[in-house]
Structure formats: C-alpha cells, structure tokens
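Chains as they are written, first to last, in our numbering: chain A, 14 to 340; chain B, 14 to 340.
If you are wondering where the hints come from, they were derived from the structure by calculation, not from laboratory data.
All values reported here derive from a predicted model rather than from experimental measurement.
Mixed in with the good hints there might be a few duds.
If chains are identical, the list can't say which one is meant, so a pair holds when it fits in one copy or spans any two.
Stated by the list, open to error - Listed next, the in silico EDC-like pairs over lysine to aspartate or glutamate satisfying Cα-Cα at most 20 Å (straight line):
no.	residue 1	residue 2
1	K30	D300
2	K63	E324
3	K130	E274
4	K212	E340
5	K15	E307
6	K133	D304
7	K212	D334
8	K290	D277
9	K15	E308
10	K212	D118
11	K212	E320
12	K299	E237
13	K33	E104
14	K212	E237
15	K185	E307
16	K176	D285
17	K270	D38
18	K152	D84
19	K212	E337
Protein chains: 2
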Amino acid sequence: MKAVQIGTAGHAFYAYKAIKNYGLDFAALSCGSAGIAAEGTEAALEVVKKRGFAPKLYDNYITMLDEERPDIAIVNPQFTENADVAIAALERGIHVFCEKPLAPDLASLDRLDAACKASKARLAAMFGIRYEAPFVTAKRLVDAGEIGEIRLMDSRKSYKLGKRPAFYSSRKTYCGILPWVAIHGIDWMRWFSGEHYTKVYAAHSSRENGGNGDMDITSFATYEMTNGVLATITADMFRPASAPSHGDDRVRLVGTKGILEITDGALTLLSDAAGGKVNVPLDPPKDIFADFLEELLHGVPCDCGAEASIESTRWALLARDFAERAE
Amino acid sequence: MKAVQIGTAGHAFYAYKAIKNYGLDFAALSCGSAGIAAEGTEAALEVVKKRGFAPKLYDNYITMLDEERPDIAIVNPQFTENADVAIAALERGIHVFCEKPLAPDLASLDRLDAACKASKARLAAMFGIRYEAPFVTAKRLVDAGEIGEIRLMDSRKSYKLGKRPAFYSSRKTYCGILPWVAIHGIDWMRWFSGEHYTKVYAAHSSRENGGNGDMDITSFATYEMTNGVLATITADMFRPASAPSHGDDRVRLVGTKGILEITDGALTLLSDAAGGKVNVPLDPPKDIFADFLEELLHGVPCDCGAEASIESTRWALLARDFAERAE
Chain A
14 MKAVQIGTAG
24 HAFYAYKAIK
34 NYGLDFAALS
44 CGSAGIAAEG
54 TEAALEVVKK
64 RGFAPKLYDN
74 YITMLDEERP
84 DIAIVNPQFT
94 ENADVAIAAL
104 ERGIHVFCEK
114 PLAPDLASLD
124 RLDAACKASK
134 ARLAAMFGIR
144 YEAPFVTAKR
154 LVDAGEIGEI
164 RLMDSRKSYK
174 LGKRPAFYSS
184 RKTYCGILPW
194 VAIHGIDWMR
204 WFSGEHYTKV
214 YAAHSSRENG
224 GNGDMDITSF
234 ATYEMTNGVL
244 ATITADMFRP
254 ASAPSHGDDR
264 VRLVGTKGIL
274 EITDGALTLL
284 SDAAGGKVNV
294 PLDPPKDIFA
304 DFLEELLHGV
314 PCDCGAEASI
324 ESTRWALLAR
334 DFAERAE
Chain B
14 MKAVQIGTAG
24 HAFYAYKAIK
34 NYGLDFAALS
44 CGSAGIAAEG
54 TEAALEVVKK
64 RGFAPKLYDN
74 YITMLDEERP
84 DIAIVNPQFT
94 ENADVAIAAL
104 ERGIHVFCEK
114 PLAPDLASLD
124 RLDAACKASK
134 ARLAAMFGIR
144 YEAPFVTAKR
154 LVDAGEIGEI
164 RLMDSRKSYK
174 LGKRPAFYSS
184 RKTYCGILPW
194 VAIHGIDWMR
204 WFSGEHYTKV
214 YAAHSSRENG
224 GNGDMDITSF
234 ATYEMTNGVL
244 ATITADMFRP
254 ASAPSHGDDR
264 VRLVGTKGIL
274 EITDGALTLL
284 SDAAGGKVNV
294 PLDPPKDIFA
304 DFLEELLHGV
314 PCDCGAEASI
324 ESTRWALLAR
334 DFAERAE
C-alpha cells in the first residue's frame, strides 16, 4: 500500500512505526500550500528523514493526491483544515488517517460524515492516547467487569503552554482548547463506558494566556450520558515548564464495583474484590495506525473508526460552541 | 460560656476539643424531638460520654434553649432542619455553630440570612475540612502567591456508601449529595480563590444507589466565577468499603505560576520556582470551633462565618436545584 502525508501540524508520526512494520510505501508529503500551515514544517521533515523515509515533496495536496493516487492519506494540516482535506481524499477513494478534531465546526463535520458514508474508503482519527498502555489496560479491565457498571467519570488534560505557533492565537485558525485538547478525554470517556453523550455544558477562558491572542487556556466540559452516567473534563495549558512531562493525562472511572484511575502513566484499581487499592501491571501499548491497517487489510474493525470518531468530535465541537455562545 | 447541642446527626464533635480547651460548660443536649432525627442518637451520646461530658438531656430543643439560656448552640439536627433550628437560636441571641448545609432550600437560607443580620449573635458553619492540615497549608501558599493567580480548580469528594440512616432515602428528609457532600468543595474553592461564583451547572443521579430510595449517589457541579475562573467538582458515594479511608478528598488549584494539589491527605506543589513537583511539609491543622470561639471572645473574624458560609450554601443549593429541575 502506498501512503502520503498532507500537512505537518500534529501527530502524523503516529503512523510511522506501522508504515515500516507493514512495509508501506511512504511515497509523498505535501506541505505549505494554501490553507496548510507551513509552520513547523522543517522540524517535521527532519523527523521524517530521521525515520528513514524519503517522500517526494509537494506543495499542493490536490496535485499530490491526483498524481500519486495513494491508498492512504495521513491528514495533518493546520487543524481547521482537517475536514476539507479529508473529504478531498475520501472523494478520491483514498483511506484517511486524520488528525483530530476531524472538523473545525459542525457544518464541516456533517460534510465529512456524508463523505465517509458516500465513499468506499475508510477513515480513522488520531485518538492516540487511547492506545497507550494504561488506557489499553483500563479498557480491558472495564470490559472484563472489574469495576461493574461505570456511573461517573472525570478526566483531566493539562499541557505546557510552551511556544505555540501563531495560528493558535486566532479562533479563525485554531479550533480551541476543547476540540484540540479536551477532545481526547471526551473520546476516551465515550470509549471506556460504551455510553453515548446526550447533553453538554462547557466553559473556557482565554485570560492570562501568555499573550496568545484569543486562544483559550482553561476549560471544562461536562456531559450527561445514556443510562444517567455523568462525565466531566478539564483542560488547561498551565502545566509549568519544569514539569517532568508535556502533558498530565488523568482519568477516573467510578463503577458500581470499583474505581480505576490513570495518573502519571500508572493505573490503579480500587475495589473490594482487589482487597483495596492496587497498582495494575500494564498491558503493552497498542499502535493506532496498525489498528487502522488491520481494518484495511483484514477487515478487523479499527477502534477509532469513522462513526466513533465523528461522535467524539461532534461532542467536542458542541462543547466549544456552547462555551463560545455563553461568553 | 455555656454551650448546648441540638441533634446528633452530623459533625457536632468538631466542637468537643475546643469546648474542653476553652473551659466551656457543655450544659445540655437535645435530641429526639419532632423534626430532629433520633437515628444514631445512642452512638452520638456514647461519644459525648466518652469525651467526659455529662450534658443534661432534653427532648425538645426550644424548651432547652429557653431553660438553659446558653451562649452557644451546636446545631446538628437532621440536615433539613438546620435553618429552622439555627433561626430559633439566633432569635434568642444565642451564637450558632451549625452543620452544613445551613438550609435545605433557598427560601430557608434567605430566612436564615435575615435572622443572622437581625441578631447580635454570630453564626459559623461546620466546613471542617478546610481546617485540615493540607488545606490550611495550601491556603497559606495560595495567599503567599506561590501559584500566582488561580485560573482553574477541580475538586472531588468520594465517600463510602456504608449503611445510611433511613432519612437519606427521601428527598424530603435528605438535602441531596450536592448540598451534603459536594458543598465542601464548593466552599473550599470559593475560599481558596477569593473569587465569587457567578454561574452554576450541575447534574446528579440516583441510579445504582444500593436501594437507598431516591438518594442521589453521583453528581457534578461546575461553576464560573468572577475574573473568569472556572471550577468543577464531582461527588459520589461509590468509594469501595475496602478503601483505606471513608472519604477521598481532592483538590487541584491551577494558577498562573504553579499547581497545588491535595490527594490522600498530602499536598504537592508543581511550579518552576519550586523546580518541578515537590511534596509540601504540612502546617498543623487548625480547630474550627476554636476559630469560632476566637471570634466570639476576641473579635478575630472566624474563617467560616455567616456571610461566607451562606454564600457557599447558596451555590450548593443552586446546583442541587438545577440538577433536580433538569431531571
């Protein structure tokens, strides 16, 4: 199979390990064309080169898609362009591995949804945190009934602000902290519980954002779900530079028979069956792009396929839109 | 000074240490009269006896107040009676140390507020967690500017369900998890930040509540505050029986210069000035009733006086009312 990459703004590197392991041809990469952020391109190209890839470079992704006719497009432009770029690939029958949020607004998401349904090509979204060891392990325990029925979940994303590219400074070019950061938790709470969101309330603030225009730097979103399950998340970019990791991902899953908690990359289970609180040995992490390739090659449904990813994206956008309207 | 106790439902014992240390006369105790829960009375009287007190017992608190004419009443009836009992004491010029929530509904809270303003007597509420060592220490660090300006806070209360008295099973006799449990966090986030709540959204659920009638067992409340500060809290009663403590109190205070976090009774500070994440040695805990006595005896303002406590109670009731209306 032949793969190409469009844009260099986010987590395209999620695909690189499986591209090698599955012997894909990483044939071409497009960056810098209209609407595709050029910022960070050089650093991203360095990564590509270091991994031993030598894709042909294009500056127009439409030209690249039409000339290269790849099987898979890794879609990673400036975030607000994700939907348009993904639709262009899907319309050409090209499978899409797409950065989240899948769309910058609900209208674009609906167009993407329609494009997915009209295309024989498949789409998966880069909800990569779910494939990390503590998440994979927690999901296995939830599915095995270790904490009974999930009733309440809370999640947290805290990132270092660092130096953000200029496009973060405007709501026209940056989707916001809820669809960019909190979306991971919004996605994983849906995935962990198997419930669906029914109601959202959210807020965000751009105060004290280190001079980054109207970029929001704090936020929360709360959800009510099917079966009366409650879910909350906060996301911020106030993690101090001296912190040991870029991000602080946390989840707490409260079930009728126990509580699972992910903190600092570790997983604990608190339950009577476990005799109290215990550290859970972690399963190996999984590879998100390999998961997608297994669907494409062998029909094994990918864990972050179109339907699930569009649902997660929708509820992240609804949160952002609610927060904006309430300002 | 002469003290009496009305009811035995909650944390009246908060007062006992300072009663001894300040040489107060614990003259009388009323329990079992109309509207004052009799459940748990025997166990509570055992505690009183073990502490070496021998109050005269009454079964009617009005009779007791009029006959004993105490200086202070420790108000601790079935929670929904707090406001009425407190008002009866305030109207007699008797200082009140009152269980939270101060009132079961907003109308009662307004009556209590008016009674406070009309009386020369003072009121303080039993927001005792704030006086624990990690909270006292975190507050000192916040006030010293260690984390800059607070921008986001999240809190958690998780309790063991255990065997709850029958009055928890009905919304007519139990105020709900938001005003009974989450209220602590609602109070401490106001106290830590010095901000005021401006907007609330909340939800609760009584599903899978272990056969406790319509008692809610999961909840969240989110707040927007003055200066755009965001605050969230979850409260549940799904903490497994085998957990090492009854309650799991957590707070995360995200400031412009650092993050303070209370977990498992310990306090951490994450900031560049601290060089990363450090465990903070704890100040000694404070005594909430001693704090109130200092106000009564020496005019030093108590940290959980009427105005602050009524504000915390109001926003807990608003959360509960919102959650009920949305059901």
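Status of each hint after checking the structure:
no.	hint	result
1	K30 x D300	within (8 Å within a copy, 58 Å between copies)
2	K63 x E324	neither (35 Å within a copy, 59 Å between copies)
3	K130 x E274	neither (36 Å within a copy, 46 Å between copies)
4	K212 x E340	both (19 Å within a copy, 12 Å between copies)
5	K15 x E307	within (15 Å within a copy, 77 Å between copies)
6	K133 x D304	within (18 Å within a copy, 71 Å between copies)
7	K212 x D334	both (13 Å within a copy, 18 Å between copies)
8	K290 x D277	both (16 Å within a copy, 12 Å between copies)
9	K15 x E308	within (16 Å within a copy, 77 Å between copies)
10	K212 x D118	within (18 Å within a copy, 26 Å between copies)
11	K212 x E320	within (19 Å within a copy, 34 Å between copies)
12	K299 x E237	neither (29 Å within a copy, 38 Å between copies)
13	K33 x E104	neither (27 Å within a copy, 80 Å between copies)
14	K212 x E237	both (5 Å within a copy, 18 Å between copies)
15	K185 x E307	neither (36 Å within a copy, 56 Å between copies)
16	K176 x D285	between (46 Å within a copy, 16 Å between copies)
17	K270 x D38	neither (48 Å within a copy, 47 Å between copies)
18	K152 x D84	neither (31 Å within a copy, 58 Å between copies)
19	K212 x E337	both (16 Å within a copy, 15 Å between copies)
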